[in-house]
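The whole structure should be built from the sequences, with the hints applied where relevant.
Residue numbers (my numbering), protein chains in the order written: chain V, 1 to 190; chain D, 1 to 190.
In case anyone wonders, no lab produced these hints; they're calculated from the structure. There's no promise every hint is true.
Among chain V residues calculated to face chain D with C-beta under 10 Å, some are [claimed, not checked]:
hint	residue
1	ALA19
2	GLU34
3	SER37
4	LEU78
5	PHE80
6	TRP81
7	GLY90
8	ARG93
9	GLY97
A virtual CB, placed ideally from N, CA and C, is assigned to each residue, including glycine.
Number of protein chains: 2
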Amino acid sequence: MKNITVVTGNPNKAKEIEALIGAAVESASLDIKEIQSLSIGEVAREKALVAYQALGVPVIVDDTGMNITALGGLPGALVFWFLESIGPEGILRLMRGSEDRRASVSTCIAYCEGSEVQLFEGTIQGTVSKEIRGGNGFGYDPIFIPDGQSRTYAEMTPQEKNTISMRSIALAKLRDFLVQRSDQVRQRPT
Amino acid sequence: MKNITVVTGNPNKAKEIEALIGAAVESASLDIKEIQSLSIGEVAREKALVAYQALGVPVIVDDTGMNITALGGLPGALVFWFLESIGPEGILRLMRGSEDRRASVSTCIAYCEGSEVQLFEGTIQGTVSKEIRGGNGFGYDPIFIPDGQSRTYAEMTPQEKNTISMRSIALAKLRDFLVQRSDQVRQRPT
Numbered sequence: 001m002k003n004i005t006v007v008t009g010n011p012n013k014a015k016e017i018e019a020l021i022g023a024a025v026e027s028a029s030l031d032i033k034e035i036q037s038l039s040i041g042e043v044a045r046e047k048a049l050v051a052y053q054a055l056g057v058p059v060i061v062d063d064t065g066m067n068i069t070a071l072g073g074l075p076g077a078l079v080f081w082f083l084e085s086i087g088p089e090g091i092l093r094l095m096r097g098s099e100d101r102r103a104s105v106s107t108c109i110a111y112c113e114g115s116e117v118q119l120f121e122g123t124i125q126g127t128v129s130k131e132i133r134g135g136n137g138f139g140y141d142p143i144f145i146p147d148g149q150s151r152t153y154a155e156m157t158p159q160e161k162n163t164i165s166m167r168s169i170a171l172a173k174l175r176d177f178l179v180q181r182s183d184q185v186r187q188r189p190t
Numbered sequence: 001m002k003n004i005t006v007v008t009g010n011p012n013k014a015k016e017i018e019a020l021i022g023a024a025v026e027s028a029s030l031d032i033k034e035i036q037s038l039s040i041g042e043v044a045r046e047k048a049l050v051a052y053q054a055l056g057v058p059v060i061v062d063d064t065g066m067n068i069t070a071l072g073g074l075p076g077a078l079v080f081w082f083l084e085s086i087g088p089e090g091i092l093r094l095m096r097g098s099e100d101r102r103a104s105v106s107t108c109i110a111y112c113e114g115s116e117v118q119l120f121e122g123t124i125q126g127t128v129s130k131e132i133r134g135g136n137g138f139g140y141d142p143i144f145i146p147d148g149q150s151r152t153y154a155e156m157t158p159q160e161k162n163t164i165s166m167r168s169i170a171l172a173k174l175r176d177f178l179v180q181r182s183d184q185v186r187q188r189p190t
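If you want it as structure tokens, here you go:
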């Protein structure tokens, strides 16, 4: 079977998955336009299909989003555009006066080696802080407090943040799938 | 030359352009996923390229957006997802306490008959009302007041609304382009 290719501009993502599954993983940078949707699953699914069509090898892509209860689930998979246009400060302004601070952040990893796509999602529940806090991280890190914590992601070290990571949850699901799959391949009569 | 095809689920759009340019226009319904962007020009451009690849005839597509100054330009081309998730009431809630009510609504029509795309944009400046007003129209109509008016789009009859239409502005630009283009074709030495 051909090597799995992680479609990303960040070569560390291929290394991360290589370490996870203990097999060689390629990395490819493709300019795939993401589709409009609030659902990271839908965005990742379409991206995986397009990447597979382009490369013809098993591909892994991912997408990340943030759901804020007081904003009716916005920004969802469109979080990049919120951060790009109004920043985390802007998200706090949108929530001014909202007592309900509940939010979640999620990563969806999509795997495709044909016409079907497997989705692996990890979610961390939490709340939106009332002000910008912390200098680490990026994106929504200075305003997102995971449940059970008093600090935002941006107030944690990268190591601490990694222990409360929706990406790790999604990656563990991917690993289980790939391990089971390779067992099945091995057991298949030749 | 092959007939122009308007890519839309709404056959009235083909009739509208037929009347505008005085020539036969086809209509085709294609499931094209729109790309993520705040810019309706970018969304319409990509949609036109994909539609041309699929059909191989000159195509027309369009996209509509809303820019709200107090929201840093959001929702832009993503307005559908705002209306879908939080509705016009939700947009008013996001703007609670904002004295700056400026906004604009725009339509971009994209024409493609090869690798190049022509964009024709129409914009109406206005303000966001402080409450839902009027029962006509849809989408942002109950909260958008065009400049020079005291009523929202939803408080106008369809005929009144059509006289203050960003779509009409974009269509007039498209007509000028197509007329000039067909003159050039006619004048070309054979």
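Tell me, which hint numbers fail for this structure?
Result: hint 1 breaks, nothing else.
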